[in-house]
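Let chain A serve as the given structure and place chain B with the ligands on it in line with the hints.
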Amino acid sequence: MAAASVFERVLDYANRADPYPLYRELREKPVWREADGSYVVSRYRDIVALLHDPRLSSRNVGLGGFIHQDPPEHDRIRRILDRHYGPPETPDRIDRMEPDLLEIVTGLIDGFTGRTEIDLVDDFSYPLPVTAICRLLGVPLEDEPRFHAWADAVIDGLGPPAHTPEQARRKATDALAEMGEYFAILIDAHRAVVGEDLLSAIVADASTREGMSRAELTANAALLLIAGHETTVNLITNGMLTLLRHPDMLDRVRREPEFVIRTVEELLRYEPPVHFLLRVALDDVDIAGTTIPADATIHLAVASGSRDPHHVPDPDRFDPDRHDLERIDVDARESQHLGFGGGVHHCFGAPLARLETQLALTELALRLENPRLLADPPPYRPNPVLRGPRHLRIGFDRVRPAEEIGIPRSREAADEAARQLG
Amino acid sequence: MRLVVDLNRCQGYGQCAFAAPGVFRMRGNEGLTYDPNPGDDQRRKVLRAAAACPVRAIVLEHRARGPVVATPPAAAAPDGVERIVIVGASLAGLRAAYALRREGFAGSLTMIGDEPYEPYDRVPLSKQALEGWVPAQRTALPRGRALDADWRLGQPAVGLDRRDKRVLLADGERVPFDRLLIATGVRAQPWPNRDEAALDGVYTVRDRDDAVGLRERLAATPGHVLVIGAGFIGSEVASVCRELGLPVTVVDRGPAPLAGALGAAIGRIAAEMHRDAGVDLRCETSVHALEGDAHGHLRRARLSDGSTLDVDVAVAALGSRRNVEWLEGSGLAAGRWGVACDSGCRAFDVNGLVTDDIFVAGDVARFPHPVYDYQLMALEHWGNAVDQAGIAAHNMISLAPDRWPHLTLPVFWSTQFGTEIKSIGVPTFADEIVVTQGSTADRRFVAAYGRHGRITAAVTFDHGMWLEFYGRLIERAAPFPPRLRTVDEPPTRQPVPAEIREAPPIHATVALTGHEPSERRAVLLHGG
Ligand SMILES: Cc1cc2nc3c(=O)[nH]c(=O)nc-3n(C[C@H](O)[C@H](O)[C@H](O)COP(=O)(O)OP(=O)(O)OC[C@H]3O[C@@H](n4cnc5c(N)ncnc54)[C@H](O)[C@@H]3O)c2cc1C
Ligand code: HEM
Ligand code: SF4
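Taken in sequence, the protein lines are chains A and B. Take the first sequence: its position 345, counting from 1, is numbered 345 in UniProt numbering, and each next residue is one higher. Take the second sequence: its position 483, counting from 1, is numbered 483 in UniProt numbering, and each next residue is one higher.
None of these hints come from the bench; they were simulated from the model. Even glycine gets a Cβ: it sits at the ideal position worked out from N, Cα and C. Careful: at least some of the hints might be erroneous.
As the list claims (entries may be wrong) - Computed Cβ-Cβ distance ranges for the label pairs, DEER-style:
{"id": "1", "chain 1": "B", "residue 1": "Arg-253", "chain 2": "A", "residue 2": "Val-194", "range": "49 to 57 Å"}
{"id": "2", "chain 1": "A", "residue 1": "Arg-76", "chain 2": "B", "residue 2": "Pro-405", "range": "38 to 46 Å"}
{"id": "3", "chain 1": "A", "residue 1": "Arg-76", "chain 2": "B", "residue 2": "Gln-494", "range": "44 to 52 Å"}
Unchecked claim - Stretch by stretch, here's where chain A covers chain B in the computed footprint (C-beta under 8 Å, at least three residues):
{"id": "4", "segment": "26-32"}
{"id": "5", "segment": "42-49"}
{"id": "6", "segment": "126-140"}
{"id": "7", "segment": "286-294"}
{"id": "8", "segment": "368-377"}
{"id": "9", "segment": "428-439"}
Stated by the list, open to error - Derived, one-sided and incomplete: chain A residues facing chain B with beta-carbon distance under 10 Å:
{"id": "10", "residue": "Pro-88"}
{"id": "11", "residue": "Asp-92"}
{"id": "12", "residue": "Lys-171"}
{"id": "13", "residue": "Glu-258"}
{"id": "14", "residue": "Ile-261"}
{"id": "15", "residue": "Ser-335"}
{"id": "16", "residue": "Leu-355"}
Chain A on its own, in the form it takes in the complex (with noise of 0.2 Å):
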């Protein structure tokens, strides 16, 4: 048998812990090829170039919904959930939200009060987006048991093709279909009381109604519901493990209430929840001296693009002043990560997984004395393309009451909070 090839160690999950030695070596070759006729990708420019690529498609794998179709129904589509969730037509929902996702943190930090020990991944990074997801769809939280599993599902589903077993896609498929059925009662639902949130937005819409079939609405409200779930958990899960390393980082995400923007920024760089997009070629595409065929399916490594040293200086090195534009001369911009991919399918929830996590991260930073963590490294979940700690056990003296620094209240008083710590 031939020798595993450097992407087929990345799959194992013996490197799930620390794939970034992998990604070095991934790096050495812009384009492989595997033994099953796929191909990897592997460097910065590279990777964006083919994102933006139409001979590239995202007709591929299981999830409904726009992520796997193409323009134009994917433009369609995400013109059409747009229109109630984000700019030109309602630019400030997300920024609106503010409060709510700061009342929601609150709560899950207020419950800690009397423990010196929590489970991050399970008492905070899962339910904070959960939460925020349901309230911004209109989801029922109590039906969270239900979507937790169909969610853990389809996730299992997604891992490469050719590595993923054929029961898990089906499962995935069973998934999916079960949440197509309960959404299409929830739709119902929000027709007959219209609520403030996303869906019942949709559904009262007579020109959304007409450009989406039913069975696409459906879809997609699953689609959204899933799709931010094991991503923000992820990103704020390695957000706390990765300053948890970096102790002075932390304080200073404590002290600089601006910090934690470049902080967010630079961990969807450095330790970013999604490290491989899938794409098939629709024909031949030449991309650094190596033609990949016609129907040849392409893993873009995102988290290895994201660590390639001509493209930032120092690619291992946890830096968030790598993100302080006002201190970068205009000519020398390039530190963007990789992500939230690019292209068409750039991330449709960016902008509230980067409210939630520097919302979150600056709480937790606040009010944890003297945190660490207790197990180092932690525990892995299986997929390899959604990363993440299974659990994070972090210990800590004591939680300090909201109203010590200044809860319920308003940002400004947060940064007044931070100032007086510091």
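Frame of chain A; chain B with the ligands shown alone:
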């Protein structure tokens, strides 16, 4: 705070508008407008927005604007370059100044500008500033690290003495230089009839004062606005008028809006945009006369189609004239076509000899592009001013082997009628076009331009994310029509004529004197 968005880089992801909706606003699906000088209360949101931009298009002001600490020069600068003078304190001039400091130039820097304002961005003047969202007075460009420059604002340069290496100012001062950068840009072509142009209500849009005046007039809800010329600026003005609910007539001599820049085939799509927005568009029509009342207020326009329009505002958007008069007699190859230079931004003298101490950048420059048959071209686009400024600055302080050529493919954008129009390459350098992606009926498409079997340009309407891909095809001299299997293929990919009208050539009258090679010289009698 101050910021500027490089809208060539921007791909319309809207992440900024999510994060700071009070500062960034999407127009349609991809067009972005913004407040260049938002209040400090927006600071956190602006920082979030800038960090969230997937393509780093948002440029913020440098936090450390203290005195410049000269960084050691990256490469050895030529000896004797101690004084650099930049004439034209706008986009190209400012960018060049920062680039000089960034590259380690520690000598004296003098910025000469005839406008009394700090350098500002012109782009918003025909968009958010006319609309009234952002006052034209608030488009100052962000500052980088401290420049430590000697600013002469409100001071026109009136002459150039090349032998003495001095720039002459209107107040009689003679400013010496070792290296000079000419970045005096262009001005609006005025309405040709002087008396009519002087009527109250007749405007052009080039500088801040123009935009302040026109905005005031539009805010007073005039009865009817006439836009003369349907190029980019005329079309943008018409678009704003419709957004404000003002009745507007657009008159253009050509077959369609934007036909001069993009060809009539694409221009007809732009014409539909005008008409759908409620513009009274009259192509192949010209304005014979503007008429005023006894008080000198504009009242009427007489058109070549025989009609008379009652109008109280007319915007002449007739193109531009290069600001080269101050170079008369300097012996540089400067005329109506601009100031000719090589691809390293070094100016040519009248003999066609390249100079070594005088550089040119921005709208005023005319340079050869190898991809386009080495033809000399002038590009009045934001991106070109920025790129050339960087190249010129670098070359001014580099030794010959370290100099860079300006080889970027031209790019520009225009935001109008809720649509983002973008271009890469030179669309006028083409015979045919083919729609390669999307649908012209939806006004979301990519059109590739070609000549002699190779692709020379691409234009997108609300499809900016794909532009770089086509840029790479142009760079590789890929065949036209491109035969690619892609997403969103239109039903047919049959090239059609681009319908580009050759721009009339600009003639220069030159006489030759002397006989021996050592004494043979050119004399510029008439610069076009
Ligand atoms: C209303 C408007 C909208 C635009 N929108 C777009 C757009 O959407 N996309 C795009 O790509 N481009 C756009 N542009 C073009 C873009 O703004 C220009 O390409 C850019 O300003 C060029 O910069 P520059 O520094 O070369 O020239 P300019 O900005 O013209 O600056 C030249 C400066 O030199 C000064 N000057 C002239 N003569 C003298 C003298 N003798 N002495 C001292 N100073 C002198 C001038 O007053 C001026 O301040 C727009 C332009 C305008 C006017
Ligand atoms: C930190 C958290 C998140 C990360 C790292 C992330 C990452 C990504 C990436 C990399 C893509 C591109 C996929 C591709 O190109 O194939 C994507 C797409 C998408 N994401 Fe996210 N995501 C996050 C959170 C969210 C949230 C909260 C939502 C829902 C509100 C969401 C909804 C989507 C959707 C719908 C798409 C498909 C977009 C399209 O195809 O146009 N994501 N995401
Ligand atoms: S690309 Fe950047 S600047 Fe342009 S709209 Fe998106 S976030 Fe804003």
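These are the hints, each one checked on the structure:
no. : hint                                   : result
1   : Arg-253(B) with Val-194(A): 49 to 57 Å : holds (53 Å)
2   : Arg-76(A) with Pro-405(B): 38 to 46 Å  : holds (43 Å)
3   : Arg-76(A) with Gln-494(B): 44 to 52 Å  : violated (25 Å)
4   : 26-32                                  : holds (count 4)
5   : 42-49                                  : holds (count 4)
6   : 126-140                                : violated (count 0)
7   : 286-294                                : violated (count 0)
8   : 368-377                                : violated (count 0)
9   : 428-439                                : holds (count 4)
10  : Pro-88                                 : holds (4 Å)
11  : Asp-92                                 : holds (4 Å)
12  : Lys-171                                : violated (30 Å)
13  : Glu-258                                : holds (6 Å)
14  : Ile-261                                : holds (5 Å)
15  : Ser-335                                : holds (8 Å)
16  : Leu-355                                : holds (8 Å)
Violation of the numbered hints given earlier is confined to hints 3, 6, 7, 8 and 12; the remaining hints are satisfied by the structure.
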